[in-house]
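Fit chain B to the known structure of chain A by using the hints.
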Amino acid sequence: MKIRSAEDTRAIRAALAVGLPTAAYGISFGALATLGAGLDLWQTMVLSLVMFTGGSQFALVGVLASGGLSAWPSAVASAVLLGSRNAVYAIRMSPVIGRGFARRAVAAHLTIDESTAVSTAQGSLRSQRIGFWVTGLVVYVGWNLTTFIGAVIGDLLGDVSAYGLDAAAAAAFLGLLWPRLATLQAQAVAVAAGFVAALLTPALMPGLPVLVAALVAVIFGATNWLGSSRRSPRASSEGTS
Amino acid sequence: MTTWHVVLLASILCFGLKTLGYLVPASLLERPTPARMVDLLTVALLAALISLQTFAHGQELTLDARVPAVIVAAVMFALRVPFIVVVVSAAVVAAGIRALT
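Top line first, the protein sequences correspond to chains A and B. Throughout the first sequence, residue numbering follows this note's numbering, covering 83 to 323 in sequence. Throughout the second sequence, residue numbering follows this note's numbering, covering 80 to 180 in sequence.
No lab work stands behind these hints, which were simulated from the structure alone. Mixed in with the good hints there might be a few duds.
[Unchecked claim] Reference listing, derived: stretches of chain A covered by chain B, where coverage requires no fewer than 3 residues with Cβ under 8 Å from a Cβ of chain B:
1) 162 to 168
2) 184 to 193
3) 222 to 230
4) 263 to 271
[As the list claims (entries may be wrong)] Looking from chain B toward chain A, a few residues come up when the C-beta cut is under 8 Å (computed):
5) Trp83
6) Ser90
7) Leu92
8) Gly100
9) Leu120
10) Leu125
11) Leu131
12) Ala135
13) Ala148
14) Ile150
15) Val154
16) Ile163
Heads up, the beta-carbon is just placed ideally off N, CA and C, and yes, glycines get one too.
Looking at chain A on its own, in the form it has when it is part of the complex (with noise of 0.2 Å):
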């Protein structure tokens, strides 16, 4: 029998750090989805049984929150442009997770910010393995009963706003942009995005702002305006593992 490593620990403390807390957040998707964007419960469920992208949800019942029904080209194209780099994780991720159809398959539902983040914190193979299971079965299981919690006493708690919670999703964001926020090119990126899109939001329909502000990315991205000439951090980072 296999005793477990002091590696392993660490892999599973940082998952059930990171998953839990964020875990403990799907009250208030649940709630803001019912209350906000008057969604059923079944079509919140459905939303964080198989979408399971927190961003992109928030994003999705957000548009519909704000421009009704008739915004939908814009919510579903604001939840698949930030659902996208999801894609980027499974690409980070997938010679972690190794062989096999249903394996990869269901790895790939798991592939979220928080899996990906605890997996590649880890060392050797084994612990990244460990953190990507534990950190999306525990951020599964728990974002699922959450949000039918907060879809289900949301209807009791009245006015979501009263309750703070769009400020607290709006500083739920923040604490995922933060981390990010390391180098001149990310801080100048963040700032203009945010200026264009608050800048567009009284011109364009509800969620085009997030669209364009998307753009900001591509062109410093494409002429790495105010980037070093050495690769990123990370990137190089990833060269050495």
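Same frame as chain A, but now just chain B:
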């Protein structure tokens, strides 16, 4: 389009994106320019969402209880306060200001 169509379409597309990544050769995004664009795309999308979640009310821009709440959250993240504590604090600040005004 009914709400169900929108929910299912967006869910299937988002799941498809995850699956797609496992089919792509890893060498593609190791080149500097695509790698940089992907990193910055996440930054731009999150920043745009923070901006709208803080200032937008429908298609209007407003300054309300969300602004001090997000400033408090930024200070707490800078002080390395845990994620969930910051999120709850931001909600409390916004809720508190709304209750008092």
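Results of checking the hints against the structure:
no. : hint       : verdict
1   : 162 to 168 : holds (count 7)
2   : 184 to 193 : holds (count 6)
3   : 222 to 230 : violated (count 0)
4   : 263 to 271 : holds (count 4)
5   : Trp83      : holds, 6 Å
6   : Ser90      : holds, 4 Å
7   : Leu92      : holds, 5 Å
8   : Gly100     : holds, 2 Å
9   : Leu120     : holds, 4 Å
10  : Leu125     : holds, 4 Å
11  : Leu131     : holds, 6 Å
12  : Ala135     : holds, 5 Å
13  : Ala148     : holds, 4 Å
14  : Ile150     : violated, 10 Å
15  : Val154     : violated, 11 Å
16  : Ile163     : holds, 3 Å
Hint check: violations occur at hints 3, 14 and 15; the rest are consistent with the structure.
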